[in-house]
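Numbering of the sequence shown is given in our numbering, commencing with residue 21 and proceeding in unit increments.
Please keep in mind that the hints were generated in silico from the structure rather than gathered at the bench.
The reader is advised that the hints may include incorrect statements.
Using 25 Å as the maximum straight-line C-alpha spacing, the simulated DMTMM-like pairs for lysine to aspartate or glutamate come out as follows [stated by the list, open to error]:
(1) Lys-66 to Asp-87
(2) Lys-69 to Glu-36
(3) Lys-102 to Glu-73
(4) Lys-22 to Asp-43
Cβ-Cβ distance ranges computed for the label pairs, FRET-style [claimed, not checked]:
(5) His-47 to Lys-114: 36 to 46 Å
(6) Thr-88 to Met-21: 35 to 45 Å
(7) Glu-81 to Met-21: 27 to 37 Å
(8) Arg-97 to Lys-69: 21 to 31 Å
(9) Gly-124 to Gln-79: 22 to 32 Å
(10) Thr-88 to Ile-23: 35 to 45 Å
(11) Phe-99 to His-33: 18 to 28 Å
Treat the numbers as computed from the prediction; the structure is a model and nothing was measured.
Every residue, glycine too, gets a C-beta built ideally from N, C-alpha and C.
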Amino acid sequence: MKIYNVLDLALKHNGEYVLGSADLHTHACYFIYGVLNSGEKGRPIKPGKGHEEIVCLIQGEVLLRGDTGTFSLKQGRAFYLKGEETYLMDNSGKDNAVYVISGGHSEGHMH
Numbered sequence: 021m022k023i024y025n026v027l028d029l030a031l032k033h034n035g036e037y038v039l040g041s042a043d044l045h046t047h048a049c050y051f052i053y054g055v056l057n058s059g060e061k062g063r064p065i066k067p068g069k070g071h072e073e074i075v076c077l078i079q080g081e082v083l084l085r086g087d088t089g090t091f092s093l094k095q096g097r098a099f100y101l102k103g104e105e106t107y108l109m110d111n112s113g114k115d116n117a118v119y120v121i122s123g124g125h126s127e128g129h130m131h
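Using the sequences and the hints, build the whole thing.
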């Protein structure tokens, strides 16, 4: 077993770190840890072709903007995206927002 400091890794990689195949040596799943700074806008949330993700806000409150509308996401709430579905995440709060994403491959998708 190996423990990863995803907070430090995210802060070193522009606020988001993908714990995936490079670290885990598998393409079966991945985990994303993100920090959206106060006032930061337009962080894309998009699984990509052949992928599915569950996004959960751990801290703060953000606004999600996409083709199907604009939604407010509060701490402890989660949503599901598949494929090319895309939302932009905005943090207009006074504190940083923190989110995690659990992702994997859609049925039949291989790298």
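Tested hints:
no.: 1; hint: Lys-66 to Asp-87; result: holds, 12 Å
no.: 2; hint: Lys-69 to Glu-36; result: holds, 20 Å
no.: 3; hint: Lys-102 to Glu-73; result: holds, 6 Å
no.: 4; hint: Lys-22 to Asp-43; result: holds, 10 Å
no.: 5; hint: His-47 to Lys-114: 36 to 46 Å; result: holds, 39 Å
no.: 6; hint: Thr-88 to Met-21: 35 to 45 Å; result: holds, 40 Å
no.: 7; hint: Glu-81 to Met-21: 27 to 37 Å; result: holds, 34 Å
no.: 8; hint: Arg-97 to Lys-69: 21 to 31 Å; result: holds, 26 Å
no.: 9; hint: Gly-124 to Gln-79: 22 to 32 Å; result: holds, 24 Å
no.: 10; hint: Thr-88 to Ile-23: 35 to 45 Å; result: holds, 38 Å
no.: 11; hint: Phe-99 to His-33: 18 to 28 Å; result: holds, 23 Å
The structure fails none of the hints (numbered hints given earlier).
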